[in-house]
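Chemist: Take a look at the letters that make up each chain.
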Amino acid sequence: MRQQKTGDTIRPFKLAHQILSLTGISFDRKSIIGFVELTVVPLRDSLRILKINAKQCRIYKVFLNEHHEAHFQYFDPFLDVCQSDTDTRSLDAFSQNHLTAALKTDPDNNAGELVITIPPEASHLVAEGTALRVGIEFSLEQPQGGIHFVVPPKDQKDQKEGTYAEKGVHMFTYGHQNSSRLWFPCVDSFAETCTWKLEFTVDEEMTAVSNGDLIEVVFTPDMRRKTYHYSLNVPTCAPNISLAVGPFEIFVDPYMHEVTHFCLPGLMPLLKVTTRYMHETFEFYEETLSNRYPYSCYKQVFVDEAYEDYHSYATMSILSVNLLHSAVIIDQVFITRKAMAQAIAEQFFGCFISMQNWSDLWLNKGISQYLCGLYCKKSFGNNEYREMIHSMLQDVVKYEEEYGGIILDPSQPPAPLPVASNMPQTNQNKHEEKFYFSIRNLHTMSPMYIEASYKKAMLVMRMLEHRIGLELLLQVFNKQLSLATNAASNKIGSGLWGHMLISTNVFTKAIFTVTGKDMAVFIDQWVRTGGHAKFHLTSVFNRKRNTIEVEIRQDATSQTGIRKYVGPLLVTLQELDGTFKHNLQIENTVVKSDITCHSKSRRNKKKKIPLCTGEEVDMDLSAMDDSPVLWIRLDPEMTLLRSVIIEQPDYQWQYQLRHERDVTAQIEAITALERYPTPPTRAALTHTIENEQCYYKVRCKAAHCLTKVANAMVANWAGPPAMLAIFRKFFGSFAAPHIIKQNNFQSFQNYFLQKTIPLAMAGVRNSHGICPPEVLRFLLDLFKYNDNSKNRFSDNYYRAALVESLGNTVTPVVSVMAQGTPITVENLSAETKLILEEITRLLNLEKALPCYKYTITVECLKAIRKLQKFGHLPSKPTLFKSYAQFGHYIDVRLAALECLVDFVRADGKFDDLSYVLDLLENDPDSGLRHKLCQILLKSPPFKRAYKSRLDSPLLVEKIWTNINGMLSHDTRHRCDLVDLYYTLYGTKRPLCLPLTELSGLMNLTRPDIKKIKTAIPKLARADNPDIKKEQHSNIKTEIKEPVVSNVIVDNNLETPMNVDLIDIEDHQLKEEPMIDVQVGEAAMPKQEYFSDNSVSLPGMGQSGPVGFEPGMFQKDGDGSSTGSTKTKDKTDASGAKIKKKKKDKKKHKHKHKHKHEHKHKDKKDKDPNKIKLKEESMSVPALASVKEETLSSGSSTPSPNTASVGSGDLSNYP
Amino acid sequence: MDLQTNPYRKMIAMTVSSILKEANFDTTEKEVLGTLTEMLQAFICEIGLLTKNYCELSGRSEPLIADVILGFVDMGFDFSSLEAYVKSGKHTILPALQPQQPQKQLNMLSAGKKQTLPSHIPAHFPQFPDPHAYVRTPTHKQPIIDYESVREKAAAQKKDVEKALTKFLAKTSATHNLFDTEEGNIFPLIALKPPYPPYLSALLPQDQIFDPEDLDSDPKSLIMQQQKEHKEAQNAREEKLEEPMEEDEQPLNDTIKSEDNAQSNAFIDNPYLAATKMPSKDIIDVC
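So the protein sequences, as listed, match chains A and B.
With the first letter of the first sequence counted as 1, position 710 gets the number 710 in UniProt numbering; the numbers rise by one all the way through.
With the first letter of the second sequence counted as 1, position 203 gets the number 203 in UniProt numbering; the numbers rise by one all the way through.
Do not rely on the hints blindly, as some may be mistaken.
What the hints assert, rightly or not - Think about it this way: if two alpha-carbon atoms lie no more than 27 angstroms apart in a straight line, the pair counts; the simulated DSS-like pairs of lysine-lysine are:
hint, chain 1, residue 1, chain 2, residue 2
1, A, K741, B, K159
2, B, K163, A, K741
3, B, K193, A, K876
4, A, K564, A, K517
What the hints assert, rightly or not - If you anchor each label on the Cβ, the simulated ranges turn out as follows:
hint, chain 1, residue 1, chain 2, residue 2, range
5, A, D555, B, P195, 52 to 58 angstroms
6, A, H279, B, V150, 43 to 49 angstroms
7, A, E166, B, I209, 21 to 27 angstroms
Unchecked claim - Residues on chain B that point at chain A, a partial pick, calculated with CB under 7 angstroms:
hint, residue
8, E162
9, H176
10, L178
11, D180
12, T181
13, L189
14, I190
15, P197
16, Y199
17, S201
18, A202
19, L203
20, P205
21, P271
22, K277
23, P279
Since the hints were made in silico from the structure, they are not lab data.
A quick note: this is a predicted structure, and the numbers were derived from the prediction, not measured.
Where a beta carbon is used, it is the ideal one built from N, C-alpha and C, also for glycine.
Based on the sequences and whatever the hints tell you, model everything.
Modeler: Below you can see the structure in the form of structure tokens.
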């Protein structure tokens, strides 16, 4: 089997070294001026074209070996994903185009946005094995992605002028997977490693933190700025390069002086506490891997408005400032330490060891998470670890069953099974097609999918541990690290750098070398094939033969995300005489097996029962049947990716909950017991909650389960509300049990229980379906008597949990008033008043005395929304809107947005929805945008295929414009919106849009207008096939004057756009004919405009030819012959399509041309100033599609927002 | 008035009257009696004064008869007939001076039983006043100090403080309204002002004040230290049994370790702590 070209071999050159120098970092203008120099070693003499990644950068010059200026072209297909396809609004089509666009710039596909042509006079520089230096001068203006400036909003800056340090101004780089191209030109591939020299000139008060060793810091001659010189001698790929600049406070780790922590001013005490145990993480990894930390230093930078909680880059990680906590906080510690441990694990696997293809991402993610898991196991305990694995498995199962099987490594199909011919192959194809996005590229995958795949990767790695053993698995890791360490110390010439890349094949081979076991089948089964197994187990006891007849079925193999499993499967029986394991061989969808029981039924004998842990316990066996089996478990160690449904009687579940020592079994039992609301269940759950030996998460789950059981048993529930007695027993004070003790959170188990029980109790309902007054009183008393004065820990999370409980007690209002009367203070019920009083007081108090992370504000907002939702308060969005504004703390904003989204779903108007969408589009905080999208996905404004007042073509357009072109700079957000689009409309064309075929007969709505409009530029283009060539020749002139060209392009666009907008704006446009008239008229001048322009001027809108350069046409030829063959093909194809479409349109036009002329005139009177940004942008890509393929512009015009901003500044550039 | 009230004067008046009776007067006018009384009083006073002066002159505090005689002499008074006069014995003897009746206290004003004077106080001292003048009568309830009510009270107090504060803040700043109508808004929500930077107030909470000890507390190191102390104690016990040589070694090692720590703390080799270098010529050229 000849393997295809991998990420590290596909390019016709190797990268040896890269210099990145950013000189003009301006916080006021949010701009950067920089220079990169790539030292490239060509792999063949005939290299004429270099493809490099660069996005949203403005490129000024490209030099070869400092002397020869090279020509270059630039294009970004993400600016208009659906190029020719302007009328389909279906994800089916989009997904195709999206993949095409992604592949067109994928460095692992030997492609890139920036195509550099080596001029013939410099061709002598190119020789196999001789280093060629490619220098690129570039700048960034208000970058939209990849790099984030945290600068206070303008209006506030006026209020207080301070130094950068006072204002906490800083910046940092971020990106989704390989997105370094957003801030500097590079080969943005995980497989292309090289050594780095990094230089950053920043203001004197700033610190620049970047990868590698800080060599020195030198003042600039004017003494106002300093330059940080970094050198990274370990070969590293561009996606692992990062930068953070800010007035950071510096804290050198007292245990390891190589480790430095950075935080924003004022947070030093928190930083010290947060990083207190970090050295232990290092020690743990070094011991576990028996390998030293591969780099010479490590840096942690905590920044605001972070893209994600943590991101690991070579020798440094950028973390969210929100991970910081003080010593009195409990809940955050677990999250923070895990995040930091994961970031360090990724230093080993992910940064130091990169991957051969992006599809090998699962290995690095899997291994690093696995290591982090081991660390968590050590520091948080085995129960925590098992619970984490269990919930991960459930998450993966849930995702796969909803969307389809996750294929960890899609680069290579699984080897066909010798027996079943190519069954898996077809299977896989089937699965793959089910997704609404392509899993063939990192930049098209849904973030949800990626997240789930990370979890799956971790689980697969853990499965490997079960197959080959922990020791050997660690040896495999050790081998990878040793090889890489060896390679890193060599020069590129040694050809060993490839050892620093991991891939599925390499890894499989390494396992074989170390263990002698061939894991190819395993890899094929779990890595190259998607889906998980689903087992359904039933059992019958045969008294005569003393056997248990087990039947395991896999019925749902044809369902989404589920596939058939063949192989061994472990069944564990807990019998009276002990735990017995039985390995069953699963070969079919139905497997029946008779398992002989080891013990006889003995109802009344008193004897201790041995458990799997070896301990012996007394059990009350009165509930048992005559079967000697206490409970049955399937695959108890979670060695497979599976979901399991076990059918056994309720008493067996109760035994399992009470006596099984494994937390996963307990959790499963709790889940199952929800279905059996009986007194014994109640007793078992109560026992678990009260059992101090039990893992706290199990106890909390049992509490929530008891709520459900109590609600189901409401008719015959005896005694006080569920858990009241338990709570008083644990937390009531000695003298007066109804008064809670003063808080003391020394015991974390009790702390979590104290938080959970009120929450669970709030869910209790009486026979009228409302919360019992007793419970409400109990909760209010908890507020009243809460006393934290003697506690060593903060009670903010506890109080937040109380507010949440209060919110949970709210049930739909029972009103005697007539519908429609306004809700006023007077007609609130007494309970509501009490709740509201508590909430308002706490919320107001937070303004003066905020608690950690505003947890109480967050819960108050949610509780208010609940009151609104259930009709106790007038449903109004104003409060949430004000809390959702930019400038508030992110958690508060997210809570407000959650409420707002919920409001939109229930009673929102389109205005409210567009408010949310505006934030989704324009909010400065990228992390918030992502989370907002997740909120929207969780509770979409309307259900797919249901009529809703919010569903309108306008909404379709809004989202579509974004995914089609506006978000070229942020892959994650683009894919988020694709998720949203899918959630709202599925993969087909949205129902609210009329079908294209019927457009002539039906009333025409906007999108179709769009289609016609956007066809126009193409029309022009089709008429002038020469344009393309002309534009090619234009490259040079544009390079010379990027600013000019940019402005002109804008002007150029505006003229046709206005025409477009007049009718786009108009929602009342109903009939096609009148539009067509307009089209006809509008199209004519446009056509002329374009053709004139393009014929006469090579510059496509340039005011005049600046001059021709030698070799211009020659290069042209080169470009079309070798470099852009692919793109050319594409345009040709689309060109053909367009011609066809154009004909259709023309027909239409003639038909209706004269009928509705008068109407059209009315329309024209509409104010053209109403142009919205969105519409503007919509037409940009439409027009751009004409030029995109061929036009190479010095500036990338990432989006219209910034395209022309600050261009004047640039001319200052030397 | 004076005549009646002053007992001495009264006595003198009586004396004058009896002398007058001896001299066979039956009646006298009031004015005459007054004058004579006045004269006698003046005479007695004068003689008393002179007597006292002579007594003090001779350095005594109690006068002798000689002093009286000197006094008479000094006044130029012939007292030779005085003896005969006294011895004649026909004088009426004046009744003894009646001790003045103390004014009877009214019953209604006395409260309680007066305490008798304790033995160590001479009887001539004034009596105790009525008990109400000095006995402390509790005028308020005893504080209740049982757990339940203390908690209750603390809770109520806390709530009142919070309520007052929020109410004040709500009145002094812009508010949100949860209802449609403006009137009778008893649940005003304070409108929030975005803090800058937003993370500072969130990460440095102000709702509670903790001991600096708690904020710095390092549970793990505490445990470690305890373990270490425990071990040391154990070691010490063991070493006592062993030779004294090893005992010396242990602290020696410790000192070396601590020195190491101190040294490393003093000098940390971290590039971020290094001083910024001055621009060199080369770099200027490049720039």
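Chemist: Now tell me, hint by hint, if it's right for this structure.
Modeler: Hint-by-hint comparison with the structure:
1. K741(A) with K159(B): Measuring from Cα to Cα gives roughly 17 angstroms; hence the hint holds.
2. K163(B) with K741(A): holds (23 angstroms)
3. K193(B) with K876(A): It holds: about 20 angstroms lies between the C-alpha atoms, which stays within 27 angstroms.
4. K564(A) with K517(A): holds (24 angstroms)
5. D555(A) with P195(B): 52 to 58 angstroms: Taking Cβ atoms as reference, D555(A) and P195(B) lie about 57 angstroms apart, which means the hint holds.
6. H279(A) with V150(B): 43 to 49 angstroms: Holds, since H279(A) and V150(B) (Cβ atoms, about 46 angstroms apart) stay within the stated range.
7. E166(A) with I209(B): 21 to 27 angstroms: holds (25 angstroms)
8. E162: Cβ of E162(B) sits 6 angstroms from chain A, so the hint holds.
9. H176: holds (5 angstroms)
10. L178: holds (5 angstroms)
11. D180: This hint holds: D180(B) lies near chain A, its Cβ roughly 5 angstroms from the closest one there, short of 7 angstroms.
12. T181: Since the shortest Cβ distance to chain A is 6 angstroms, the answer is holds.
13. L189: Because about 6 angstroms separates L189(B) from the closest Cβ in chain A, which is inside the 7 angstroms limit, the hint holds.
14. I190: holds (5 angstroms)
15. P197: holds (4 angstroms)
16. Y199: It holds, given that the least Cβ distance between Y199(B) and chain A is near 5 angstroms, below 7 angstroms.
17. S201: holds (5 angstroms)
18. A202: holds (4 angstroms)
19. L203: holds (6 angstroms)
20. P205: holds (4 angstroms)
21. P271: Check passed: Cβ of P271(B) comes within 4 angstroms of chain A, closer than 7 angstroms.
22. K277: Given a least distance of 5 angstroms, the restraint on K277(B) holds.
23. P279: holds (5 angstroms)
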